[in-house]
Amino acid sequence: MEIKTHPLFHGTNQMMWAKGTVVKEPKGFVFLAGSEGLDPNVNEPWPKGAVVVEGGIEAQTRLALEKIKSRLEEMGSSLENICHLWWYLKGPEFPDGIAYSPNMIKARKVREEFFKEHAPSLCMDKNPPPSTLLSVPSLAFKDMLIEITVIAALAD
Amino acid sequence: MEIKTHPLFHGTNQMMWAKGTVVKEPKGFVFLAGSEGLDPNVNEPWPKGAVVVEGGIEAQTRLALEKIKSRLEEMGSSLENICHLWWYLKGPEFPDGIAYSPNMIKARKVREEFFKEHAPSLCMDKNPPPSTLLSVPSLAFKDMLIEITVIAALAD
Amino acid sequence: MEIKTHPLFHGTNQMMWAKGTVVKEPKGFVFLAGSEGLDPNVNEPWPKGAVVVEGGIEAQTRLALEKIKSRLEEMGSSLENICHLWWYLKGPEFPDGIAYSPNMIKARKVREEFFKEHAPSLCMDKNPPPSTLLSVPSLAFKDMLIEITVIAALAD
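Residue numbers (this note's numbering), protein chains in the order written: chain A, 458 to 613; chain B, 458 to 613; chain C, 458 to 613.
It cannot be assumed that every hint is accurate.
No distinction is drawn between identical chains; accordingly, a pair holds when it is met within one copy or between any pair of copies.
Calculated lysine-lysine pairs in the DSS-like style (CA-CA distance at most 25 Å, straight line) [unchecked claim]:
| hint | residue 1 | residue 2 |
| --- | --- | --- |
| 1 | K526 | K461 |
| 2 | K583 | K566 |
| 3 | K484 | K566 |
| 4 | K599 | K461 |
| 5 | K563 | K461 |
| 6 | K573 | K505 |
| 7 | K566 | K481 |
| 8 | K484 | K563 |
| 9 | K461 | K583 |
| 10 | K566 | K505 |
| 11 | K484 | K461 |
| 12 | K583 | K505 |
| 13 | K573 | K599 |
| 14 | K484 | K599 |
| 15 | K505 | K547 |
| 16 | K484 | K547 |
| 17 | K526 | K481 |
| 18 | K481 | K563 |
| 19 | K583 | K573 |
If you're looking for bench data, these hints aren't it; they were derived computationally from the structure.
Next up, chain A with everything else stripped away, as it sits in the complex (with noise of 0.2 Å):
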């Protein structure tokens, strides 16, 4: 399997997502539900059991990425193997658009945390995976305001 993706430059300038990834000979293929901020230790038979951690954005969207890593492992594969992420803000509206919504603000600086110490080829100033943002009125759960979905390749 080989897996690339090709930067994106405006003018000189790196963007903080890519053109796309190219996944040549995959093994197969991982395709992620929805990831979310969902308190997995909360004890009760759904729809009780499906109940946001405490934090806000920055405590759902570490969480949503821990899940994507740990899952992403447990079927084997990893978060350098990510093809594209949908990101899925809670809107309703951005008037200046997502990218500089303080909600996107929070969830990107804590992303680019998670990806320094777990993934850091993945980090916005070296290979960020390419994405789709995009705004939704509302989500699955009462107080949801982010949800991550993901596709991403096989290792051999």
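Using the hints, position chains B and C against chain A.
Quick look at chains B and C alone, frame taken from chain A:
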């Protein structure tokens, strides 16, 4: 080809969506267009030919799932080989989360009935597939309440 | 590798989107970041380097499609090997559906012109690829009106 869905637990309780699906050595993939409740029997050119069936969210969900089943089978796959579903519910907003909204409760009931009949292994208490549940302010055509996008693996 | 798009009929009329695409024995896949109308010639670091081109939805759609074409080719794929497109139109709401909205009518006209020139087999009356058409309350940067996310197969 080997496909395996990893169930999700919060405490000791299984949630109604999975952690993710891992697909090893697939023969290929099927990418379905967003499936919806538009009536395929309306014999008019586009755009007049795009009209939702009567019967609200239940009828639209059932028709969308029937299209998913028949199209996957036509293309060499099946409900059991679904890798990921994106559920798009027309909003604009669900103050208590989409999962508790009247339309999603109805859609989920239809989905459970449909899976019980056609793919019992995907029911909520068995091995529900990984998904992303999102709301959108509007869908392609008037009165569309739900759209479901599916990626599935090709059976051998 | 074999790729086949299955056309969609309502009655005897072909719709402008397909049932789906089946990809057999692909060499791999290309996952593009969401493509948009941000001007790649603005030579400023992020976030100042993320500015939409002038010319509204038409110019943004054309630039997004040009990016998709050139990036797919750079990574060993092509427009003809697109498996699925997600079209995200900035809303917030389209009371008569997105397909009839002024911005989507303009975007579709640009798309048809673009495909006619660069990939005539994808035109509406031939074999249009499977897609999901969604509205979102906002996109990543101010004044972005459209974003298109693509997964494509790798040619042999």
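Consistency of the hints with the structure:
no., hint, result
1, K526 - K461, "both (19 Å within a copy, 18 Å between copies)"
2, K583 - K566, "within (15 Å within a copy, 38 Å between copies)"
3, K484 - K566, "neither (33 Å within a copy, 36 Å between copies)"
4, K599 - K461, "neither (38 Å within a copy, 30 Å between copies)"
5, K563 - K461, "neither (28 Å within a copy, 35 Å between copies)"
6, K573 - K505, "between (34 Å within a copy, 24 Å between copies)"
7, K566 - K481, "neither (31 Å within a copy, 34 Å between copies)"
8, K484 - K563, "neither (35 Å within a copy, 39 Å between copies)"
9, K461 - K583, "within (13 Å within a copy, 33 Å between copies)"
10, K566 - K505, "between (30 Å within a copy, 18 Å between copies)"
11, K484 - K461, "both (15 Å within a copy, 14 Å between copies)"
12, K583 - K505, "between (41 Å within a copy, 19 Å between copies)"
13, K573 - K599, "neither (30 Å within a copy, 28 Å between copies)"
14, K484 - K599, "neither (38 Å within a copy, 40 Å between copies)"
15, K505 - K547, "both (21 Å within a copy, 24 Å between copies)"
16, K484 - K547, "neither (35 Å within a copy, 37 Å between copies)"
17, K526 - K481, "both (22 Å within a copy, 19 Å between copies)"
18, K481 - K563, "neither (34 Å within a copy, 36 Å between copies)"
19, K583 - K573, "within (10 Å within a copy, 38 Å between copies)"
In this structure, the earlier hints numbered 3, 4, 5, 7, 8, 13, 14, 16 and 18 are contradicted, and the remaining ones agree with it.
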